[in-house]
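2 protein chains.
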Amino acid sequence: MTKFGPSDRRLEELMYDAAVSAMTDAGVDDVDGVVVGAMSPESFTGDSNISAFITDYLGLVPKPTLRIETASSTGAAIFDGAFFALASGFFKNILVLAGEKMTTLPTGAATKILSEVLSPQERRQGGTMPALAALVARAYMSAHGCGREALTRVAVKNHANAVKNPYAHFQYAVDAQRVETSKMISDPLRLYDCSPLSDGAAAIVMTTDKMPIRVAGIGHGTDYISLAQRDSLTSFSSTRVATQKAFKMAGIKPSKIDVAEIHDAFTPFEIIGCEDVGFYEPGTAWKHVLDGETEIAGPLPVNPSGGLKARGHPVGASGLAQIIEIVWQLRGNAGARQIDKRLRYGLTQSVGGLGTSNIVTILENVA
Amino acid sequence: MTKFGPSDRRLEELMYDAAVSAMTDAGVDDVDGVVVGAMSPESFTGDSNISAFITDYLGLVPKPTLRIETASSTGAAIFDGAFFALASGFFKNILVLAGEKMTTLPTGAATKILSEVLSPQERRQGGTMPALAALVARAYMSAHGCGREALTRVAVKNHANAVKNPYAHFQYAVDAQRVETSKMISDPLRLYDCSPLSDGAAAIVMTTDKMPIRVAGIGHGTDYISLAQRDSLTSFSSTRVATQKAFKMAGIKPSKIDVAEIHDAFTPFEIIGCEDVGFYEPGTAWKHVLDGETEIAGPLPVNPSGGLKARGHPVGASGLAQIIEIVWQLRGNAGARQIDKRLRYGLTQSVGGLGTSNIVTILENVA
Numbered sequence: 038m039t040k041f042g043p044s045d046r047r048l049e050e051l052m053y054d055a056a057v058s059a060m061t062d063a064g065v066d067d068v069d070g071v072v073v074g075a076m077s078p079e080s081f082t083g084d085s086n087i088s089a090f091i092t093d094y095l096g097l098v099p100k101p102t103l104r105i106e107t108a109s110s111t112g113a114a115i116f117d118g119a120f121f122a123l124a125s126g127f128f129k130n131i132l133v134l135a136g137e138k139m140t141t142l143p144t145g146a147a148t149k150i151l152s153e154v155l156s157p158q159e160r161r162q163g164g165t166m167p168a169l170a171a172l173v174a175r176a177y178m179s180a181h182g183c184g185r186e187a188l189t190r191v192a193v194k195n196h197a198n199a200v201k202n203p204y205a206h207f208q209y210a211v212d213a214q215r216v217e218t219s220k221m222i223s224d225p226l227r228l229y230d231c232s233p234l235s236d237g238a239a240a241i242v243m244t245t246d247k248m249p250i251r252v253a254g255i256g257h258g259t260d261y262i263s264l265a266q267r268d269s270l271t272s273f274s275s276t277r278v279a280t281q282k283a284f285k286m287a288g289i290k291p292s293k294i295d296v297a298e299i300h301d302a303f304t305p306f307e308i309i310g311c312e313d314v315g316f317y318e319p320g321t322a323w324k325h326v327l328d329g330e331t332e333i334a335g336p337l338p339v340n341p342s343g344g345l346k347a348r349g350h351p352v353g354a355s356g357l358a359q360i361i362e363i364v365w366q367l368r369g370n371a372g373a374r375q376i377d378k379r380l381r382y383g384l385t386q387s388v389g390g391l392g393t394s395n396i397v398t399i400l401e402n403v404a
Numbered sequence: 038m039t040k041f042g043p044s045d046r047r048l049e050e051l052m053y054d055a056a057v058s059a060m061t062d063a064g065v066d067d068v069d070g071v072v073v074g075a076m077s078p079e080s081f082t083g084d085s086n087i088s089a090f091i092t093d094y095l096g097l098v099p100k101p102t103l104r105i106e107t108a109s110s111t112g113a114a115i116f117d118g119a120f121f122a123l124a125s126g127f128f129k130n131i132l133v134l135a136g137e138k139m140t141t142l143p144t145g146a147a148t149k150i151l152s153e154v155l156s157p158q159e160r161r162q163g164g165t166m167p168a169l170a171a172l173v174a175r176a177y178m179s180a181h182g183c184g185r186e187a188l189t190r191v192a193v194k195n196h197a198n199a200v201k202n203p204y205a206h207f208q209y210a211v212d213a214q215r216v217e218t219s220k221m222i223s224d225p226l227r228l229y230d231c232s233p234l235s236d237g238a239a240a241i242v243m244t245t246d247k248m249p250i251r252v253a254g255i256g257h258g259t260d261y262i263s264l265a266q267r268d269s270l271t272s273f274s275s276t277r278v279a280t281q282k283a284f285k286m287a288g289i290k291p292s293k294i295d296v297a298e299i300h301d302a303f304t305p306f307e308i309i310g311c312e313d314v315g316f317y318e319p320g321t322a323w324k325h326v327l328d329g330e331t332e333i334a335g336p337l338p339v340n341p342s343g344g345l346k347a348r349g350h351p352v353g354a355s356g357l358a359q360i361i362e363i364v365w366q367l368r369g370n371a372g373a374r375q376i377d378k379r380l381r382y383g384l385t386q387s388v389g390g391l392g393t394s395n396i397v398t399i400l401e402n403v404a
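Those protein sequence lines, which keep their order, are chains A and B. With the first sequence counted from 1, adding 37 to any position gets you my numbering. With the second sequence counted from 1, adding 37 to any position gets you my numbering.
No wet-lab data here; the hints were simulated from the structure. No experiment lies behind these values; they were computed from the predicted model shown. Please note: incorrect hints may appear among the correct ones.
As the list claims (entries may be wrong) - Dumping the calculated DSBU-like pairs for lysine-lysine here, alpha-carbon to alpha-carbon at most 30 Å:
#1 B/K149 to A/K149
#2 B/K100 to A/K149
#3 B/K100 to A/K290
#4 B/K220 to B/K201
To be verified - Footprint (simulated), chain B over chain A, 3 or more residues, beta carbon under 8 Å:
#5 104-115
#6 152-163
#7 385-398
Virtual Cβ for every residue (Gly too), placed ideally from N, Cα, C.
Looking at chain A on its own, in the form it has when it is part of the complex (with noise of 0.2 Å):
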């Protein structure tokens, strides 16, 4: 992957150097074909045709290519598509190669793109993503008890460990004074509760070779569009149903992970995910993290990449960087921030939309 953050260089061009990293690091200079993900590259960059145009610029015309969107969780669909398309034994090794390039417009622009996700209706009466992102942050921690200090500590942890992530845009780590005192952006959350704007690009070549890290499962959901609709405000029922196809298909339970990666694209999103993917039991998650489990060295790391919070989220790429940090963790490569226990099992739970299209994948050291 390239390092998130606000870069000079071209969607075209992060997306290039991710593609080189992926395929150095397999070993490989040529595949069957390539799978693009990008949520809005026509209104961030005013390209459309991301596919074929990445495919040429990649110098890999005249290989098959398509792209795969599913709005914030678009890096792991394309993993998810590439997989299906390698287990149709059609193909041998498949590129998937998502980026987003979002600080060339302003951020009031950018944010407006973001917020389209929504639902028509919930738009219609001025809805964001913040604010409705507030709305489930108010329920969560009115429900369960959970308190300001809970958010604080996942701003905390996430950007220390992102000190240690040279890929991180954010390589600073902040106090609960900074997090409590920054500029509040939607009741409760304020400025560092909330993910940045980034450039960025991710990619792996996915193959049916045997290889020391194998897709062991994979799980995908849908959710009612408008939050109005939905019975409960304080999950994501569409990171359920995604966690029960993937850990069916792994066939292990939760308790067998052994590092996460969890969208959190607000704070209370991690707290939220910790429990969909069923590591806690639901309205007690604030308080492990507050326990320091989820931390570098605890019992159950979460986001030690820094998560979308302080690695960045380049919409159309978080989804694959989570699965990246994985396989590096996997395999005792993460540096820094590698943690220091024999791995099995990774997961990685993203977010589409606000909770409308979430993905969970689980892989497995075979090594």
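Following the hints, position chain B against chain A.
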């Protein structure tokens, strides 16, 4: 599918109509997943996260869904993607569903969106889709001695076919004079050489069950996005690559094809497409068109539906509408435009961008 052409229905309503039609035809009330195709809903209607939005609108939550996009071949790419997902053995039924709502915007704005598929370099020089298609037309006509009358004949034939198609955008015939005196769009392309901006949706339920119509072959190729980089303007190399793969998979020769839907976004593309899929030798298809061989009553009917030219071209949906027409023709329920002989193999060819991501699909009647 829905009737193509300007509609008061919203994109999600058009997609709903097509999905209900397909599920009713298939006799299923549930599917394992939904693959949604749309080229630029973000730009045309301002909605993103389209796959989750549509899946919710269809009442199919919590089923997994994703959007696949390859510019104007999107409708074929979703069929392709769902085929491989089904071949993986992880799914039994998948709803593939494509649509585009293009007439909300003024023609100029819509045309600008369509031209975003071209290379950034050629766009900077003022390149638009009709302008570059005109270059292709000129190159072909000049290289092969093809005159204006062959283009006219394609338009006249496809309008005549569309008169018999209740789903067509233009249900009226045109004569040579009307075509040849129509407004010049980009010399030599006149108004009646160009497919229209349309609204519409198309859907198919694909299944691993044995069915009267099976997928015999699928092929997908790409080409350089800049026209300037290509070896030839008189043939789309991406179609040739796709053709070779599709026929190899089907294990047959082009001479076995009984009916075809060819991507006639511009009349010369039908002529070039017929050569690229192997029906006729390079430089000769225009003569076969003038001889009437591609008419419904001819030996190799091409675009019995009316094609993109007259059935209309809601960009994301056209590739799937082609496949639907072939299914109807092979089944024998194409109504007044039914080809009156035993049909075993049908072929579709879909062009993504200006020949950058082309897909060939071969269906077989095994009933």
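So, going through the hints one by one against the coordinates:
Distance restraint check for B/K149 and A/K149: the Cα-Cα separation of roughly 21 Å lies within the 30 Å cut-off, and the hinted pair is therefore satisfied. Distance hint between B/K100 and A/K149 is fulfilled; the C-alpha atoms sit about 28 Å from each other, no more than 30 Å. The hinted pair formed by B/K100 and A/K290 meets the criterion: a straight-line CA distance of about 22 Å does not exceed 30 Å. A distance of roughly 26 Å separates the Cα atoms of B/K220 and B/K201; the hinted pair therefore holds under the 30 Å criterion.
With 6 residues carrying a beta carbon less than 8 Å from a beta carbon of chain B, the segment 104-115 of chain A meets the three-residue requirement, and the given coverage holds. Look at the segment 152-163 of chain A against chain B: 5 of its residues bring a Cβ nearer than 8 Å to a Cβ of that chain, three or more, so the hint holds. Counting residues of the segment 385-398 of chain A whose beta carbon lies closer than 8 Å to any beta carbon of chain B gives 4, which meets the minimum of three for the stated coverage.
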